[in-house]
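Chains as they are written, first to last, in UniProt numbering: chain A, 1 to 228; chain B, 1 to 364.
Some hints here could point you the wrong way.
Said to hold, decoys possible - Subject to a maximum C-alpha distance of 30 angstroms in a straight line, what follows is the list of computed DSSO-like cross-link-like pairs (lysine-lysine):
(1) Lys-156(B) - Lys-211(A)
(2) Lys-178(B) - Lys-213(A)
(3) Lys-283(B) - Lys-211(A)
(4) Lys-212(A) - Lys-178(B)
(5) Lys-213(A) - Lys-203(B)
(6) Lys-186(A) - Lys-176(B)
(7) Lys-241(B) - Lys-212(A)
(8) Lys-185(A) - Lys-283(B)
(9) Lys-185(A) - Lys-123(B)
(10) Lys-156(B) - Lys-178(B)
(11) Lys-186(A) - Lys-178(B)
It is worth saying that the hints were derived from the structure and are not from the lab.
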Amino acid sequence: MDFRAGDSWGIFAFLCAALWNLPAVPALNNTDEAGAGQSIQKTYDLTRYLEHQLRTLAGTYLNYLGPPFNEPDFNPPRMTRAEMVPSATVDFELWRSLNDNARLAANYRAYTHLLCYLRGMDGQVAKADLRKSLGHFCSSLQGLVVSIAGVMSSLGYPLPGSLGSTDPAWAHGPGPISPHNDFLKKMDDFWLLKELQTWLWRSAKDFNRLKKKVPPAAVTLRLEAQGF
Amino acid sequence: MQMANPVPSACCVVLAAVVVVYAQRHSQQDTRVQYERIGADVTMKCGAMDWDAAVTWTVNGSDIDESHLNGSYLVLRNVHLGHSGQYSCYEGSSWHLKYQTSLKVGTPPKEPVLMCRSNNYPKRFYCSWHLPSPTYIPNTFNISVIHGTREMVCEKEAVPKNRCHIRYLQLFSTVKYKVTLTVTNALGRNSTTITFDEFAIVKPDPPENVVAKPVPYSPRRLEVRWNNPSSWPDPESFPLKFFLRYRPLILDQWQHVELSDGTSHTITDAYAGKEYIIQVAAKDNDIGTWSDWSVAVHATPWTEEPKYLTTEAQAPETTTSSTSSFVPPPTTKICDQEKVVGSGAVAVSWAAGLVLAAAGVLFI
Numbered sequence: 001m002d003f004r005a006g007d008s009w010g011i012f013a014f015l016c017a018a019l020w021n022l023p024a025v026p027a028l029n030n031t032d033e034a035g036a037g038q039s040i041q042k043t044y045d046l047t048r049y050l051e052h053q054l055r056t057l058a059g060t061y062l063n064y065l066g067p068p069f070n071e072p073d074f075n076p077p078r079m080t081r082a083e084m085v086p087s088a089t090v091d092f093e094l095w096r097s098l099n100d101n102a103r104l105a106a107n108y109r110a111y112t113h114l115l116c117y118l119r120g121m122d123g124q125v126a127k128a129d130l131r132k133s134l135g136h137f138c139s140s141l142q143g144l145v146v147s148i149a150g151v152m153s154s155l156g157y158p159l160p161g162s163l164g165s166t167d168p169a170w171a172h173g174p175g176p177i178s179p180h181n182d183f184l185k186k187m188d189d190f191w192l193l194k195e196l197q198t199w200l201w202r203s204a205k206d207f208n209r210l211k212k213k214v215p216p217a218a219v220t221l222r223l224e225a226q227g228f
Numbered sequence: 001m002q003m004a005n006p007v008p009s010a011c012c013v014v015l016a017a018v019v020v021v022y023a024q025r026h027s028q029q030d031t032r033v034q035y036e037r038i039g040a041d042v043t044m045k046c047g048a049m050d051w052d053a054a055v056t057w058t059v060n061g062s063d064i065d066e067s068h069l070n071g072s073y074l075v076l077r078n079v080h081l082g083h084s085g086q087y088s089c090y091e092g093s094s095w096h097l098k099y100q101t102s103l104k105v106g107t108p109p110k111e112p113v114l115m116c117r118s119n120n121y122p123k124r125f126y127c128s129w130h131l132p133s134p135t136y137i138p139n140t141f142n143i144s145v146i147h148g149t150r151e152m153v154c155e156k157e158a159v160p161k162n163r164c165h166i167r168y169l170q171l172f173s174t175v176k177y178k179v180t181l182t183v184t185n186a187l188g189r190n191s192t193t194i195t196f197d198e199f200a201i202v203k204p205d206p207p208e209n210v211v212a213k214p215v216p217y218s219p220r221r222l223e224v225r226w227n228n229p230s231s232w233p234d235p236e237s238f239p240l241k242f243f244l245r246y247r248p249l250i251l252d253q254w255q256h257v258e259l260s261d262g263t264s265h266t267i268t269d270a271y272a273g274k275e276y277i278i279q280v281a282a283k284d285n286d287i288g289t290w291s292d293w294s295v296a297v298h299a300t301p302w303t304e305e306p307k308y309l310t311t312e313a314q315a316p317e318t319t320t321s322s323t324s325s326f327v328p329p330p331t332t333k334i335c336d337q338e339k340v341v342g343s344g345a346v347a348v349s350w351a352a353g354l355v356l357a358a359a360g361v362l363f364i
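Please model the complete structure; the sequences and the hints are all you need to start from.
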């Protein structure tokens, strides 16, 4: 996972653009059709920024967990408890055929839950500077959730139901954390970070598709909703 | 010598044929292939013959010196590749073939080199392998691809032989792929394993049909166009970004431009009149690594055509424009078309002429 100076510069630009626009994101919660394309672009930029931020954060956090979690080839099997974290993995044909509403809703649900788990993780970290980084990341992730919500409402889609509705098991939060099995808890953290990383990669591709469907100069969006 | 009588002669012929067939069949039972390591000591026994039997050994039809014999056993010490061949053992007097073997000298396989890559994400990825050094004997390769709990089938390709491909069934997987290649031959086996994330092996092919052209009336510009690699299946959903590098042939330092969309770019800082070499590389916008550089293209920015002058006094000037230097082309050719008012005024009218020409081009 290396990136060149060019990528750093680009990320820096996204950082500034994203942070500058974050306070304005709630204001996107309107039915301005022309704004949909731009907010999709902003959401895309946010996912790229977050993906970059996560690389640093995950590296530090896995070192904090210690071996084997910070070993590059560490490839453990998924355990049932870890399946509570929403997975980005999807059948290729299914992913391709998702309509815009479903695509956005999947992203929205995933990040809402990931944010919740991440906040749970935040509370237990012993190191202060790591807690601070986690806290900062959570704020940025919150910004992403709001941004996705903005896109959905500007396209006229309803936001998915809140936690505790008819969603699958993982919708009900992290569940009781066993204080006895430290290793299992670390495994959960490992999978959470992995799933978050994968979701950010997936979201870049999701929003690329959305960008094509909803160009900045958007036409009648009701038609779009019924089309693909 | 018996002669003339045909019946006994015919019997002899038939008998000889039977003996030959019998001997051949017998020898075929004893023909085998024997693999030995380079540097080993090899002892060959002459079939079921006793140690003290009188035999003759040959290799590829040539007799082997008795110094290599230990009784009826053939002893080859510290064998090397030159020892490979067909070894035969004949009973001393009757010259019956008693034993035959094809000796092949080689080595057990070293650890193979394995790599996997996806140049057509998200359709498939392929794995290819080779041995770092030859074994000189036949090898078989066996590849296994494990993704989480599932073993995937890697479909072998006819050409090239040491490659197979796997279709992505799921995208955005958090579980790594684990690929193991085992090489086996008669002298041993070896294997290697690599693990990777779905995203890490994405590397497109280089851009295709790179074309660079001068821009008329722009002495410092070059227009570069290219196509997405044809192997990339879905540039709409998985857009590529590009990296362009260029330099004049006479310099070693490249200049770089990264382009996040579009398949064309105009270089605006080319040195006038210099031939440039240009290459483009591609990468998925978000994941994986850069492709190799495309085939290099050459182009020279537009320069004004030297006008062949009629006046003798100015004829020599036209030859200076072909020297390799950073001096802009001489302007006397233009000046001679303007009215000669004074050097300063000449410069102004030259600039005015260029502006008018550019405006004229724009309106055409």
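To see whether the hints hold, each was checked on the structure:
| no. | hint | verdict |
| --- | --- | --- |
| 1 | Lys-156(B) - Lys-211(A) | violated, 38 angstroms |
| 2 | Lys-178(B) - Lys-213(A) | violated, 36 angstroms |
| 3 | Lys-283(B) - Lys-211(A) | holds, 19 angstroms |
| 4 | Lys-212(A) - Lys-178(B) | violated, 35 angstroms |
| 5 | Lys-213(A) - Lys-203(B) | holds, 26 angstroms |
| 6 | Lys-186(A) - Lys-176(B) | holds, 19 angstroms |
| 7 | Lys-241(B) - Lys-212(A) | holds, 16 angstroms |
| 8 | Lys-185(A) - Lys-283(B) | violated, 37 angstroms |
| 9 | Lys-185(A) - Lys-123(B) | violated, 36 angstroms |
| 10 | Lys-156(B) - Lys-178(B) | holds, 17 angstroms |
| 11 | Lys-186(A) - Lys-178(B) | holds, 23 angstroms |
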